[in-house]
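For reference, the chains in residue letters:
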Amino acid sequence: MSVLKISSVSKYFPGGTKAVDSFSLDVADGELVCLLGPSGSGKSTLLRMVGGFEDPSSGLITIDGEDITHLPPERRPTGMVFQSHALWTHMNVFDNLAFGLKLRRTGKSEIREKVEAVLDLVGLAGYGERKTHQLSGGQQQRVALARSLVLEPKILLLDEPFASLDQHLRERLREEVRDIQQRLKITTLFVTHGQDEALSMADRIVVMRDGRTEQIDRPDVVYRNPQTPFVAGFIGTMNLIDGEVAHGRFHRAGLSLDLPISDGPAILAMRPEALDLSLADQGQAVVHRVTDYGTHGLVDLDLPEAIRVKAMVDHPDRFSTGQSVNLAPRAVAAFRDGRQVFRS
Amino acid sequence: MRREPRPKRSQYSMTEHTAATVSVAGTRRGRKYAGLFLVAIPVFLVAWMVIWPILTAIPRSLMQVGTDGSTSFSFANYQFFFSDRYSLNNLTVTLWTTMVCAALLLVICLPLALYLRFTSNRIAAFVQSLAIFPMFVPSIILSYAFIRVLGPNGTVDLLLNGVGLPRIRSPYLTPWGPVIGLVWDNIPLTVLILVSGLGAVSNATIEAARDVGARRLAILWHIILPRITNSILVAISFGVLGIFSSFTLPYVLGPAAPEMMGPFMQRTFRDLQNPPMAITQAVITFAFCIVFGLFYIRSVAKNRTP
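Residue numbers (UniProt numbering), protein chains in the order written: chain A, 1 to 344; chain B, 1 to 306.
A portion of the hints provided could be inaccurate.
As the list claims (entries may be wrong) - Which residues of chain B face chain A? A few of them, derived with a C-beta cut under 7 Å, are:
(1) R117
(2) V212
(3) R227
It is worth saying that the hints were derived from the structure and are not from the lab.
In this text, all values refer to a predicted model and were calculated from it rather than measured experimentally.
Even for Gly, the Cβ is constructed at its ideal location relative to N, Cα and C.
Next up, chain A with everything else stripped away, as it sits in the complex:
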């Protein structure tokens, strides 16, 4: 059982820049947790602190109850996969994987056995003698993963491992990595700024912003029930409209919707897929652009006061630029003072 516990960890860089601010997280045994956030949100710094490459300014990091906060990377039971693969190009694939085992003074036959097993696991059986430059980007990333897995770490750390790969390969590799992680039941912390990766792979997602946690939840909850306007806007596409609530109704840009919250300013949030459109002579919005994605269409709509929203439609051919339409949201959420105050 390998449990990672991060308690009130902060990191200040010289000059006073606060990269991570009092961050806490418990990762259960065998769980895959994604740290998701925009650039500069502190997710990579946090991962590097768990890996031992950055020293926390304050706080505590434990693995299975053992304090590893200030241990150097070489003494931690973690394995990290880097964004740039970081393979040792002067060694072949086998030597890349065997290096850590040799340092642990593992016997030659055991090294061969372990390396071949892990190469088989990542689908690179028979690639041991290849030079790393003879491999494709995807294969190099598999070698990097295998190099970490061969040492059987308690915690696997993945730092945007697919960032340098093309979309198709990225989708394939994330399925493979998820399969391997579930097969080995290895506790994993995964950093990404790609919401698709986080939504498709994670048991839980930690949405980070400015070194702080915005929300920690299951992917479906983060998507359907965002707790802050930042999460609402960052995960998936969301129409966010600043407006005013008076007598239980939200008013802005020609929209007037029931919103049973107290009077005052509020942000209305509507997913494009929860927005029905109907053609009307004097509608609330004008179609700006229609994009056909094959499986569905996305209609950009201009509301008064220069506000633009998106709606997802099944039949994009029914709409064209300049048409007047009415909007009927099936589900909305409302935010005030940075927190969710209503969800239908």
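Following the hints, put chain B in place on chain A, whose structure we already have.
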């Protein structure tokens, strides 16, 4: 039967197309000649200043001039050089100085380059300035500074005398004089080449090694050194080439005998007025240097192949 006139538009487009093709071909040819012209200048200079003197020196060193002025093919100059104790001593001291300097340069510059590559603070910036500084000091000034500091009655002697300690045995006019001067003189280039080589070792590869359990020595031995072998070879080749044929520092700081090949050649040419022998010494020096030159060329070629 009346022939249909060809559509004019098609004629124009054909002409335009042909003109465009001719123009593209012309531009390519122009670029090719411009490239060849740019390459031709350094190639011509190397051929004129290096290749030609070598090609003429080799036969001249194999030429024996008789008392009647007649010339004949002979290995006499080489036979004399390799049987003359003084000449061999000079070659030996040159080789010794070169090897000692190369070893010292590696021992001094590698830790310096590692420090500069992996540290980024004010002290590192200061150390870098100090390491590069000798590059801007002419050899003759360096020699003068050396004599004033390490020579007899120099600064070190005065300081030792001030605290009642005996004088040092000055390296001035001993084989160690040129060694100290040449090492100091070659530190900047060696450090720059090594730091440049270390630039290819990314932080991520070092971190990946630490992640699998490697400590400092293991990282240096298994990760860093194999990645900068070429840079080390290039730095040492450059150093050796410069040191082997150096003149000013061995001439000013070194002993009168044995002397390094640079001063030896100059003295043979000027004082002994024996140009054929000086040319023979030059050819022998070149033969030693070309070995290290080939090391350099091999490293460059290796770097260009994936």
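Hint-by-hint comparison with the structure:
1. R117: Since chain A brings no Cβ nearer than about 17 Å to R117/B, farther than 7 Å, the hint is violated.
2. V212: Holds, about 3 Å.
3. R227: With Cβ-Cβ at 6 Å, under 7 Å, it holds.
Going down the numbered hints, you'll see the structure goes against just number 1.
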